[in-house]
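Visitor: Single-letter residue listing:
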Amino acid sequence: MVDSIICNSIKNLELKEGRGTAIAHHGEILQGMFEDAGKLFRGSVTLPCHIFGSQASFFPKKNSSKIVVDPEWKIKSKKAAELTLKSLGVEDIGGRLMIKSNTPLRLGLGSSTSDVNASILSVANSLGVVLSPVTIASIAVKAEIATDAIIFGERAVLFGHRDGKVFEDLGGNFPPMEVLGFNSDPDGEGVDTLAFPPAEYSWQEIEMLRPLVGLMRRAIYEQNPKLIGRVSIASTEINQRFLPTKNFDSIKNIVRKVNAAGLQASHSGIVVGIIFDSNDVDKEQKIHRSLSLLKDIGYDNVWRFRTDKLHLEAGL
Amino acid sequence: MKNRLAYDNIIDFVELPKIIKLDDNLYGSAFFLMKLMPARFILERAEREGILKPGSLVAETTSGTFGLALAMLCSLKSYKFIMVTDPVVDDALKRRIEDLGAVVEIVQKPADIGGYQRSRLDKLVEILKKNSGSFCPSQYENTNNPAGYSKFAEILTESVGHIDCLVGTVGSGGSVCGTSKYLRQLFPDLHVVGVDTLGSVIFGQPDQKRLLRGLGNSLWPDNVDHTVFNEVHWVSAAEAFLATRMLHRKHALFMGGTSGAAYMVAKWWAEKNPCKIVVCIFPDEGYRYQDTIYNDRWLEENNVKLDKLPNNPIEVKNPIDAKAQWSCIGWNRRDYENVVGKHKGT
Chain Y
1 MVDSIICNSI
11 KNLELKEGRG
21 TAIAHHGEIL
31 QGMFEDAGKL
41 FRGSVTLPCH
51 IFGSQASFFP
61 KKNSSKIVVD
71 PEWKIKSKKA
81 AELTLKSLGV
91 EDIGGRLMIK
101 SNTPLRLGLG
111 SSTSDVNASI
121 LSVANSLGVV
131 LSPVTIASIA
141 VKAEIATDAI
151 IFGERAVLFG
161 HRDGKVFEDL
171 GGNFPPMEVL
181 GFNSDPDGEG
191 VDTLAFPPAE
201 YSWQEIEMLR
211 PLVGLMRRAI
221 YEQNPKLIGR
231 VSIASTEINQ
241 RFLPTKNFDS
251 IKNIVRKVNA
261 AGLQASHSGI
271 VVGIIFDSND
281 VDKEQKIHRS
291 LSLLKDIGYD
301 NVWRFRTDKL
311 HLEAGL
Chain G
1 MKNRLAYDNI
11 IDFVELPKII
21 KLDDNLYGSA
31 FFLMKLMPAR
41 FILERAEREG
51 ILKPGSLVAE
61 TTSGTFGLAL
71 AMLCSLKSYK
81 FIMVTDPVVD
91 DALKRRIEDL
101 GAVVEIVQKP
111 ADIGGYQRSR
121 LDKLVEILKK
131 NSGSFCPSQY
141 ENTNNPAGYS
151 KFAEILTESV
161 GHIDCLVGTV
171 GSGGSVCGTS
181 KYLRQLFPDL
191 HVVGVDTLGS
201 VIFGQPDQKR
211 LLRGLGNSLW
221 PDNVDHTVFN
231 EVHWVSAAEA
241 FLATRMLHRK
251 HALFMGGTSG
261 AAYMVAKWWA
271 EKNPCKIVVC
281 IFPDEGYRYQ
291 DTIYNDRWLE
301 ENNVKLDKLP
311 NNPIEVKNPI
321 DAKAQWSCIG
331 WNRRDYENVV
341 GKHKGT
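Protein chains in written order, with our numbering: chain Y, 1 to 316; chain G, 1 to 346.
Derived by calculation from the structure, the hints in this document are not laboratory data. Just to be clear, a hint being listed does not mean it is correct.
Unchecked claim - Straight-line distance between alpha carbons at most 30 angstroms, and here's what the computed DSSO-like set of lysine-lysine pairs gives:
id, chain 1, residue 1, chain 2, residue 2
1, Y, K226, G, K181
2, G, K21, Y, K226
3, Y, K100, Y, K226
4, G, K151, Y, K165
5, G, K276, Y, K257
6, G, K80, G, K21
7, G, K94, G, K276
8, Y, K226, G, K317
9, G, K323, Y, K39
10, G, K181, Y, K246
11, G, K305, Y, K226
12, G, K317, G, K181
Said to hold, decoys possible - Quick partial rundown of chain Y residues pointing at chain G, CB under 7 angstroms, derived from the structure:
id, residue
13, R162
14, D163
15, E207
16, P211
17, G214
18, L215
19, R218
20, R230
21, A234
22, R256
These numbers were taken from a predicted model, which means no experiment stands behind them. Every residue gets a Cβ at the ideal spot worked out from N, C-alpha and C, and that includes glycine.
Model the full structure from these sequences, guided by the hints.
Guide: Pasting the structure below:
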């Protein structure tokens, strides 16, 4: 919903090439069905990851309503661009949308959400409009049915990924953490996140998730990566029934052996991360040891990122 | 900052406890009436499963706060409620429950075998049989009793963060067993301390008349999962009463006798383990006990007035060795037979 002042200003605007960039995420810390005041909703807390992401460029064309997307198969991004124009009340503009991404597919890194967010930003940018994160998320969920909270960056939110809105702001940013990430099933086919059926949580599981949300709030308040690690392990345990994590016990053993803050795993994908406290004086030693232990169980393609520096790196 | 809205009803306001820091590593969770939590959960699950229909009769055998919780909920939810009890029920509680619209049915004669507990159960079965569509919450067997403590576990993790040890009194097994299972998802090494009273059979003591009410049992409730407990303590009435008064004097927390029993054990455990974070459960407020626990004359008349608490419990190897004063055993998450050496009731 945009008021007429913005629409008029858009009509009089010189159209220019628009750009948008968006980070990816590294799967969930917490996901489930939550109850609030008698209502149930699906929600998740995703771990932002700036080493992967998308960059979109939009070249607008007047007196056209057609959008051409490159690469052609990114139809959700095309839909997002169309929805953005529509939500801004623009009817006679089309154009070309080009997307570059370095996010590996089918791992649960939110590659599609990253494309979609970058696309929305590029279209808005070409019209000289700045959209709020709330508006961007609401357009994204229409474009791709389930979306993630990447537009909120390092802010920790319990996000309704099927409603496209924040159900609860967790009261602060993620604490400084470092993550070693890897594909837990490199020989497998990966998971088509959106084709993956939504988990059918039992009422017992809905109750089990309550103390996890409580500790998530506390973890953000204390800025304590170790508590985040407790939440993500417990949430991943609940999720094993819906999507077992490959080598889950072996990876948990590594976390225990090196005394890392915890581990997190995509709840609808195969990416896994071992979490370290950025302020831990033994961090480098622990990371070094983890890399060697991961190699021992067959994981040698491992990436590393921080959660408190969220600029998508140039040269994508 | 959260918006402070009006509550839909009194239960929403008083269901959750206040979490209060008592010492560097000791937190108390002070309930208005803890049993509201499982009672509400049991009724709402039964409603959702279609077992409990609008306007139906709820009947239960109880002489304590579970009855009060059910009476409050049934009054708000427009269910009929019959509470079956025996002459031990305190008159003020009976009047309060009746004022909420419930019927208090007092069995007058103990059964030849099984005493009042048996005759109460017989009466309950008779009432349930007579009223088709009636519902019995069965707090001792219904697994929705322990399952109802998820919101308690949530407020604990939110208010306290990491928790090393949970201390609570055991009666039906609901609060301590339920809360521990929820918390152990996040803290698998949680140390759970169960507090019972001398003369209660739950952890293998011989059955005796007990002055301290609200914990302990003459039967073994199914909801007590013995493998939850790392450590078990038995507390005498006199010790629990003095500890209740100390909780009031030192922290201005006006709680019931079970709270005192839990506080005494939790305080001792927290002092012994200064690096561990301890949470202690206080199940109800002190108003019901103003003429007893909070009345020195009553304490003297009943020969339960102490001046000082023991510094330490007596450590025993077998539950039957706990006698007359505060004792404890390393339960180590074993089952009942493993610790006691025989089956329940033999």
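Visitor: Each of the hints needs a verdict: does it hold here or not?
Guide: Hints, verified against the model:
no., hint, in the structure
1, K226/Y / K181/G, "20 angstroms, holds"
2, K21/G / K226/Y, "22 angstroms, holds"
3, K100/Y / K226/Y, "35 angstroms, violated"
4, K151/G / K165/Y, "24 angstroms, holds"
5, K276/G / K257/Y, "22 angstroms, holds"
6, K80/G / K21/G, "40 angstroms, violated"
7, K94/G / K276/G, "42 angstroms, violated"
8, K226/Y / K317/G, "37 angstroms, violated"
9, K323/G / K39/Y, "51 angstroms, violated"
10, K181/G / K246/Y, "26 angstroms, holds"
11, K305/G / K226/Y, "46 angstroms, violated"
12, K317/G / K181/G, "26 angstroms, holds"
13, R162, "23 angstroms, violated"
14, D163, "20 angstroms, violated"
15, E207, "4 angstroms, holds"
16, P211, "4 angstroms, holds"
17, G214, "4 angstroms, holds"
18, L215, "4 angstroms, holds"
19, R218, "4 angstroms, holds"
20, R230, "5 angstroms, holds"
21, A234, "4 angstroms, holds"
22, R256, "11 angstroms, violated"
Checked against the numbered hints above, the structure breaks hints 3, 6, 7, 8, 9, 11, 13, 14 and 22 and satisfies the rest.
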